[in-house]
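> Taken in sequence, the protein lines are chains A and B.
Numbering that gives the first Met the number 0 applies: residue 0 is where the first sequence begins, and numbers increase by one.
Numbering that gives the first Met the number 0 applies: residue 0 is where the second sequence begins, and numbers increase by one.
There is no bait here: all hints are sound.
Covered by chain B, per the in silico footprint, the following chain A stretches (three or more residues, Cβ under 8 Å):
#1 32-46
#2 79-93
#3 97-111
#4 119-129
Listed next, the stretches of chain B that the computed footprint assigns to chain A, with coverage defined by at least 3 CB atoms under 8 Å from CB atoms of chain A:
#5 38-45
#6 80-91
#7 100-107
#8 127-133
Hints are computed from structural coordinates only; laboratory data are not their basis.
The model shown is predicted, which means the values in this text are computed figures rather than measured ones.
All residues carry an ideal CB built from backbone N, CA and C; glycine is no exception.
Protein chains: 2
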Amino acid sequence: MKRAICLFALLPALLAAQPAAQPTWTSPEVHSDGRVTLRILAPKAAAVVLRGEWPGGAKELPLNKDGEGLWFVTTAPIPADFYWYHFLVDGVKTMDPRNPLLKTGARSSDSAVDIPGPNAAHHALRNVPHGTVHIELYKSAATGTLRRLHVYTPPGYEEGRARYPVLYLLHGSGDTDREWTSYGRAHLIADNLIADGKLKPLVMVMTDGHPADPNNPSLRARNTELFTRDLIDSVIPFAEKKYRIDARRERRALAGLSMGGGQTLAAGLKSLDLFSALGVFSMGIRDDSFETQNQELLANPGNVNSRLRLFWIACGKDDFLWEAAVRLHETLEKRGVQHTWRPTEGAHTWPVWRRYLHEFLPLLFQ
Amino acid sequence: MKRAICLFALLPALLAAQPAAQPTWTSPEVHSDGRVTLRILAPKAAAVVLRGEWPGGAKELPLNKDGEGLWFVTTAPIPADFYWYHFLVDGVKTMDPRNPLLKTGARSSDSAVDIPGPNAAHHALRNVPHGTVHIELYKSAATGTLRRLHVYTPPGYEEGRARYPVLYLLHGSGDTDREWTSYGRAHLIADNLIADGKLKPLVMVMTDGHPADPNNPSLRARNTELFTRDLIDSVIPFAEKKYRIDARRERRALAGLSMGGGQTLAAGLKSLDLFSALGVFSMGIRDDSFETQNQELLANPGNVNSRLRLFWIACGKDDFLWEAAVRLHETLEKRGVQHTWRPTEGAHTWPVWRRYLHEFLPLLFQ
Numbered sequence: 000m001k002r003a004i005c006l007f008a009l010l011p012a013l014l015a016a017q018p019a020a021q022p023t024w025t026s027p028e029v030h031s032d033g034r035v036t037l038r039i040l041a042p043k044a045a046a047v048v049l050r051g052e053w054p055g056g057a058k059e060l061p062l063n064k065d066g067e068g069l070w071f072v073t074t075a076p077i078p079a080d081f082y083w084y085h086f087l088v089d090g091v092k093t094m095d096p097r098n099p100l101l102k103t104g105a106r107s108s109d110s111a112v113d114i115p116g117p118n119a120a121h122h123a124l125r126n127v128p129h130g131t132v133h134i135e136l137y138k139s140a141a142t143g144t145l146r147r148l149h150v151y152t153p154p155g156y157e158e159g160r161a162r163y164p165v166l167y168l169l170h171g172s173g174d175t176d177r178e179w180t181s182y183g184r185a186h187l188i189a190d191n192l193i194a195d196g197k198l199k200p201l202v203m204v205m206t207d208g209h210p211a212d213p214n215n216p217s218l219r220a221r222n223t224e225l226f227t228r229d230l231i232d233s234v235i236p237f238a239e240k241k242y243r244i245d246a247r248r249e250r251r252a253l254a255g256l257s258m259g260g261g262q263t264l265a266a267g268l269k270s271l272d273l274f275s276a277l278g279v280f281s282m283g284i285r286d287d288s289f290e291t292q293n294q295e296l297l298a299n300p301g302n303v304n305s306r307l308r309l310f311w312i313a314c315g316k317d318d319f320l321w322e323a324a325v326r327l328h329e330t331l332e333k334r335g336v337q338h339t340w341r342p343t344e345g346a347h348t349w350p351v352w353r354r355y356l357h358e359f360l361p362l363l364f365q
Numbered sequence: 000m001k002r003a004i005c006l007f008a009l010l011p012a013l014l015a016a017q018p019a020a021q022p023t024w025t026s027p028e029v030h031s032d033g034r035v036t037l038r039i040l041a042p043k044a045a046a047v048v049l050r051g052e053w054p055g056g057a058k059e060l061p062l063n064k065d066g067e068g069l070w071f072v073t074t075a076p077i078p079a080d081f082y083w084y085h086f087l088v089d090g091v092k093t094m095d096p097r098n099p100l101l102k103t104g105a106r107s108s109d110s111a112v113d114i115p116g117p118n119a120a121h122h123a124l125r126n127v128p129h130g131t132v133h134i135e136l137y138k139s140a141a142t143g144t145l146r147r148l149h150v151y152t153p154p155g156y157e158e159g160r161a162r163y164p165v166l167y168l169l170h171g172s173g174d175t176d177r178e179w180t181s182y183g184r185a186h187l188i189a190d191n192l193i194a195d196g197k198l199k200p201l202v203m204v205m206t207d208g209h210p211a212d213p214n215n216p217s218l219r220a221r222n223t224e225l226f227t228r229d230l231i232d233s234v235i236p237f238a239e240k241k242y243r244i245d246a247r248r249e250r251r252a253l254a255g256l257s258m259g260g261g262q263t264l265a266a267g268l269k270s271l272d273l274f275s276a277l278g279v280f281s282m283g284i285r286d287d288s289f290e291t292q293n294q295e296l297l298a299n300p301g302n303v304n305s306r307l308r309l310f311w312i313a314c315g316k317d318d319f320l321w322e323a324a325v326r327l328h329e330t331l332e333k334r335g336v337q338h339t340w341r342p343t344e345g346a347h348t349w350p351v352w353r354r355y356l357h358e359f360l361p362l363l364f365q
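Model the full assembly from the supplied sequences, consistent with the hints where possible.
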């Protein structure tokens, strides 16, 4: 098969005369009503289960087996969006061997399925002007290593000399600097908003939030500290040197989801000389350590309020961090720290975070 | 676990007091002598096999099972390089669930293992100035769709106004525009050569060589034609508009591996007004259709010879296309078409293609 395909490029006439190797089944198969059929060939398996990031959080569905050992299941209709899933084949996590779409991560990967529709229009690939995603390597003073980051520049960036406002956008635990674009589609969300006249062009810098080796407990405990130093000492100077970024604090924002929301609170609130807007997606506090660690800041809410043009906190009511987010909101309210509290539907999932970014971006720099 | 890690960012003191969840095993484990131990937990499986792109081509190794259902195998020493592998768990292709390193592709993905050492120094991540990898979307006139491509710009690109020579670099069947960087490490190969003074800075444009849906036989037969139109009508104009590329043919080259080598022959030899250098990695011809399709060109070898400053053809002696590559070389020689014939060790694998790129790049534009 591989041989046939390689030579095919050179010898179309020869190979077109041969019967084409046709897959007799595909996976995933997305139906027009949003149901999805998943299939995997595993004749020797005793049980196969589908696990996916469907609405309401991760769910599991058992597959059925036909006489040839092909396992299959069709889901109920799923709202249009971009989801991850994998199979458990006799308990072993298995990506869909027929599907090239991925959700990558810092520890392992999953397969992904794209269900198009109006519900997913905010991150659809549309025939509009598109920006560029850049992959960069930079030297981190905090870790002493080369680290990677992704940068989004908007359509038209190359054509002028203008400087752009910038959002530093942080991922959650288990992801890397890659997933806000490769799976979160942050670049398409921005392209679509700009095309629709709802967002002025901006630059987004997406960093890697795991400077500490997560397998090293002593380093892991320092992750937030290392991340903050890396961001301020290395990432921001690197980005501002290499890209035409407006370096005024009024034009610099910080936001993140889950762990990245925690890093936004930790790095952002201590660096109000650098940031004029913060976004906390699906994160909160579960004890009084936030108040303990931010005593001085919380004692002078007027200082925070005068510096932050936007302090946006959103969480889904089905999120396992919902109560922690409510506690964050109530703590800030009690202390007189102005913020936008945005409770929503949804759980701790990427469809929620794509919608948060779509809602948050137009609130910045307007 | 997920919950603990998310909150961890905010509450280091709380969680540092808890016992860290330590994996009791890792996979892959690379030993200092180049042996690699692979492990996967599959208590219910009857047989697990490792399949990988080791030197000499794909090989399979059976794993052994311990009392807990953990399967394991240690390979013989493998030369330092970057390889793909996966498990067959009772015949089901399974990526390593403990390993975030990937080789992606157009149809499915594999796990990847990085074995560092002098043999892999040409694509190692070194503390030298690094260029940038850009991900672009462009409108293809040939397909009528938005397509993706990757662009490498060298260190210092942003700082000046210079225009750079350009290599259009093509992947093989089953890959996409992403793999020359994500797995082939073309950007690191160029960065290292530039840092060592062996290569003048250049731009590399890596396109997607599958414009036709490979599952559609009638379209698939037109892939080379669609690719050539896409390259010439859309990719080159897009790249030259968006990047500071020297648009003279003396400064424009085309090269590719396997299917991309066939596309280089098909598109390049018919467009000598556009390209002054061609590279064909691990590709050849198996019948007389090449001569039939290029009658006019082969009848006037002086025209080819005066236009091509470099026509570089390389193949490994263990490659399944070795005899086809020899036939290409001998056909060109017989017809008086000047070229560099570079027979090497190796098979139809990425370690060979990384070495070809490392050898080929300094021959361009000097």
